[in-house]
Amino acid sequence: MSTPRQFCTFFVDGLFFGIDVLQVQEVLRYQPMTKVPMAPTMVRGLINLRGQIVTAIDLRHRLGLSSRSADSLPMNIVVRSEEGAVSLLADQIGDVIEIDDETFERPPDTLKGAARELVTGVHKLKDRLLLILDTHRAIGVAQGVAVEA
Amino acid sequence: MKSSLQQQLIADFLIESFEGLDQFDQDLLGLEQGSADGETLNRIFRAIHSIKGTAGCLGIQRMEKVAHVGENLLSLMREGRLKANKDIISTLLKYADALREMLRNLEQSGTEGTTDHSALIARLQELQGEPSVASTPSPAPSSAPAPAPAAAAIATPETVAPEAVTPPVSTEPNPPPTSAAPTAEEDAAWGFFSDAPAAPAPSAAAAVESAPISATPPTSSAPTVERETTSRGSIADSAIRVDVGHLDKLMNLVGELVLARNQIVQHIRSSRDSAMLPVAQRLNLITTELQEGVMKTRMQPIDNVWAKFPRIVRDVSQELGKVVRLEMEGRNTELDRTIIEAIKDPLTHILRNSIDHGIESPAKRRAAGKSEAGLLYLRAFHEGGQVNIEIMDDGAGVNTARVKEKALQKGLVPPEQIARMSDREACNLIFLPGLSTAEKISNVSGRGVGMDVVKTNIEKIGGSVDVQSEAGQGTTIKIKIPLTLAIIPALTVRSGGERFAIPQVNLLELLRVESGSAENSIENIFDAPVYRLRGKLLPLVFLNRVLSLEPPDPSTLTSLNIVVLQADGRLFGLVVDSVSDTEEIVVKPLGKQLSGLTCFAGATIMGDGQVALILDVMGLAQHAQVAAVERTAVSAKTEEAQTDEQTRRQTLLLFSVGDRPRMAMTLSEAGRLEEIPRAKVERAGRREVVQYRGQILPLIRVAQHLPGGGEDPIADPMHVVVYSEQGRSVGLVVSNIEDIVEDAVRVEHRISRDGIVGSAVVHGRVTDLLDVKGIIREAEPAFFES
Amino acid sequence: MSKTIMTVDDATTMRRMIAFALKPTGHAVVEAPDGRAALDLARSRQVDLVITDVNMPNMGGLELTKELRAIPSYARVPIILLTTESDPEMKNKGRAAGATGWIVKPFNPEQLVAVVSRVLPN
Chain A
368 MSTPRQFCTF
378 FVDGLFFGID
388 VLQVQEVLRY
398 QPMTKVPMAP
408 TMVRGLINLR
418 GQIVTAIDLR
428 HRLGLSSRSA
438 DSLPMNIVVR
448 SEEGAVSLLA
458 DQIGDVIEID
468 DETFERPPDT
478 LKGAARELVT
488 GVHKLKDRLL
498 LILDTHRAIG
508 VAQGVAVEA
Chain B
27 MKSSLQQQLI
37 ADFLIESFEG
47 LDQFDQDLLG
57 LEQGSADGET
67 LNRIFRAIHS
77 IKGTAGCLGI
87 QRMEKVAHVG
97 ENLLSLMREG
107 RLKANKDIIS
117 TLLKYADALR
127 EMLRNLEQSG
137 TEGTTDHSAL
147 IARLQELQGE
157 PSVASTPSPA
167 PSSAPAPAPA
177 AAAIATPETV
187 APEAVTPPVS
197 TEPNPPPTSA
207 APTAEEDAAW
217 GFFSDAPAAP
227 APSAAAAVES
237 APISATPPTS
247 SAPTVERETT
257 SRGSIADSAI
267 RVDVGHLDKL
277 MNLVGELVLA
287 RNQIVQHIRS
297 SRDSAMLPVA
307 QRLNLITTEL
317 QEGVMKTRMQ
327 PIDNVWAKFP
337 RIVRDVSQEL
347 GKVVRLEMEG
357 RNTELDRTII
367 EAIKDPLTHI
377 LRNSIDHGIE
387 SPAKRRAAGK
397 SEAGLLYLRA
407 FHEGGQVNIE
417 IMDDGAGVNT
427 ARVKEKALQK
437 GLVPPEQIAR
447 MSDREACNLI
457 FLPGLSTAEK
467 ISNVSGRGVG
477 MDVVKTNIEK
487 IGGSVDVQSE
497 AGQGTTIKIK
507 IPLTLAIIPA
517 LTVRSGGERF
527 AIPQVNLLEL
537 LRVESGSAEN
547 SIENIFDAPV
557 YRLRGKLLPL
567 VFLNRVLSLE
577 PPDPSTLTSL
587 NIVVLQADGR
597 LFGLVVDSVS
607 DTEEIVVKPL
617 GKQLSGLTCF
627 AGATIMGDGQ
637 VALILDVMGL
647 AQHAQVAAVE
657 RTAVSAKTEE
667 AQTDEQTRRQ
677 TLLLFSVGDR
687 PRMAMTLSEA
697 GRLEEIPRAK
707 VERAGRREVV
717 QYRGQILPLI
727 RVAQHLPGGG
737 EDPIADPMHV
747 VVYSEQGRSV
757 GLVVSNIEDI
767 VEDAVRVEHR
777 ISRDGIVGSA
787 VVHGRVTDLL
797 DVKGIIREAE
807 PAFFES
Chain C
705 MSKTIMTVDD
715 ATTMRRMIAF
725 ALKPTGHAVV
735 EAPDGRAALD
745 LARSRQVDLV
755 ITDVNMPNMG
765 GLELTKELRA
775 IPSYARVPII
785 LLTTESDPEM
795 KNKGRAAGAT
805 GWIVKPFNPE
815 QLVAVVSRVL
825 PN
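Protein chains in written order, with my numbering: chain A, 368 to 516; chain B, 27 to 812; chain C, 705 to 826.
So these bits of chain B aren't anywhere near chain C, every CB distance computed over 12 Å:
1) Q52
2) R130
3) V349
4) S397
5) V605
In silico DSBU-like pairs for lysine-lysine, Cα to Cα no more than 35 Å straight-line:
6) K120(B) to K795(C)
7) K432(B) to K370(B)
8) K109(B) to K770(C)
9) K402(A) to K614(B)
10) K727(C) to K322(B)
11) K799(B) to K402(A)
12) K275(B) to K402(A)
13) K795(C) to K109(B)
14) K618(B) to K479(A)
15) K120(B) to K797(C)
16) K727(C) to K91(B)
17) K390(B) to K436(B)
18) K275(B) to K727(C)
19) K370(B) to K322(B)
20) K797(C) to K109(B)
These aren't lab readings, by the way, just hints derived from the structure by calculation. Built from N, CA and C at the ideal position, the CB exists for glycine as well.
Please put together the full structure from these sequences, using the hints given.
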């Protein structure tokens, strides 16, 4: 039996991604960020989320995609983690969509690099493919992610 | 489900009993050491007496029973009919442990547990001697009243109907005296003395007439007492118990308030609203006071942790067959409770470690001409906004040779680093993970957690730990920890367009060097920039360089700002673009992604709502390698007499070049020492290079850049000193590496020429100092261009 | 009319328990952790009934009883001692000190209320 699940969707460098809505705390427009010198490159900066300091991770960097042009401002998808909230920076936010498990398929073996590590599967939607992101790995708390300065 | 009252009562009971047992332990030890006074035995008795009484009322029957047996023994002791001896004290300590275990079970699972204490109980009864002592009642329940029905109802409300969960009284505000009220004077559970001044009538109804005093006491004319809404209200208590959770919440709220205050104050100041200015000032003051007040409520004396140490020392030393005398100074030194909590385990571990590895067996001590009893001395005191804790023993000291050997054997430190290690540095190797010098894993300290965990835990709360040791004389472990973690005063600075907060505790002074003199005022010793501060050399660290930030625009640079900082005994000047105000900041932790960054202690939110990073001064010093210069600052202090402005303690690498048998460079300039077979040398144009760690390493024959140089007999393999900067390296070829020495070096400065930057007397001999940068610049002009 | 009862015990749990048991009686309860504090409290405000533990730091229940009896306004205020069965001589001492009665620990709330209702009739 398939249970429909809701995904918060967003775009990164033309790719269409989804995260289980249950993992998403909130979605915010661009926030001013404080740079962290010597931080791993995926860390774009720190934002003030109502008094809480949240690390912002650039998904373009994390996924090994091309850098965002200087004039486009990223959006924040704030996800929950055991370590507190972490923001994932995406180019654009899509709708929250409901999908059946039936459309799910494991990622192809040919997927390489960071994508292989972070994309847990693909939903075959009518007009496009939705890539499901492993948020725990994306925020770098899961094993196998070099976070050394 | 237990009723919340029941839970609350049990929670109180647990806290109270644990505290009572800790005092019990201490008092027993005092008794053993003969430092007990008349009140000690009373306290010892009361501790168990209270547990028994309360446990009984709470229906915790096994504990009541166990407590009862101890009470009997203690009662004999209190009345002077039984004298304390080592056996009795040991048994009573075990007995306290048994009670603790029951309490812990109660805390965790809600029951007293099932451990069989019959042997212990038998032993306690045995110690009471023959039951011939007339007044000692047998612990049999015969003389005990039956607390059972209602008490059981409180204890196990699961078994009764919900309305009975609260004690029956609540449902019967005026219980008829039918159920429990006896009329006779003598009753097992309660009664009245017939000749007592306020002897009441046998029944409530009659009492009104026959006991006028109680109905209208002479005092009813006194001001009517207010009816207290909660029955807990206490006037006489000078102290009250507050849930720690409440205090934590208050502390968080105050933190938020501080932030809001900062924003408001900043806004009002910038708007120059004169009407609001006094209000802002008042807000400022009140917030500060409130914050201090709340912080104070969370302060606890370090004795909360130390109080358990006499017991631990006794147990551990007995187990190891050692004799240890524990002395403590500064027991009332106060710390934030979160810190108290955090240092508990590290301190305990150090203590165990000192007894296990530090203090020798009595036989060994005798042989070494020491007293049989080892001394363990604990000291705590406040200094410069920090708490210092020292643990000193007069034992054998850290065996540095053994420690080095271990570190080498386990591959924890590269051999060349070991070779140039001072004794003090070698001592600190004990904090390396994986290093255990104990010959065999002992039951006491070899439990898989080592001193590395101690160090990590102390550093986690922003503290530092250092060990000093002298062979045969003993070891001192010094710990420095902040008073609190939550809110700290900090200085805001800017560098490379970014804003940073520097904890005030590290701040010594601010220097501003005007632009005219700025260039002249910075001198370089080799490549280390220094500033002459009142005749002493202050090593400089440029924040923008350390953090790879943009350098300031030279045209806008009108002055040079130096923040003089101190961390862990190191003194250095941090050069920043500009300096702003000091304000209270709320320290917030960085995410796990950034945990590898040692230069930052956290982040905070500034008055404008933006995030700023908090510099970790010690991490920064380490990162910028102020460390080498640091020792200079420390030892310079102790050898004030022979120190003048240019004498500095330095670690030097001594080497020979060509016909010069003795030259030197500072060890901090020598990145690595390598031996490279001549066969590996390749030629690129007229340069000699080798492949080294995936890079092309240009080689510079030092002799060719020194006066009279030219020919130098090159050994095979070649001795190469690798110098690195900004990821690039160059190899300096010398004839031989002679030695690494640490000495107070008096540098005779002269204008750098011919590859020599000056000379110094090293270990009694005049030694030329190599101008490392000059030679590299000459041989590889492109090296320093970034 | 509501009266004021003072409970004196060094064990907070015990004081709290007594206070709770007495809640339905409608009397106000004030607390003190030892005899000395109780005496101070008793001097600062008149209470109508004292329920006190015997074994306490600073000042025990017997001494407290004697001290209270020396204060004119407490000459006839009922004082109930909380005793334990391991203290058989206590009754004599309590009587000598001037206590009104005793309750043996552990007690149950009904017993406590019964005692209180007899010395503090509504």
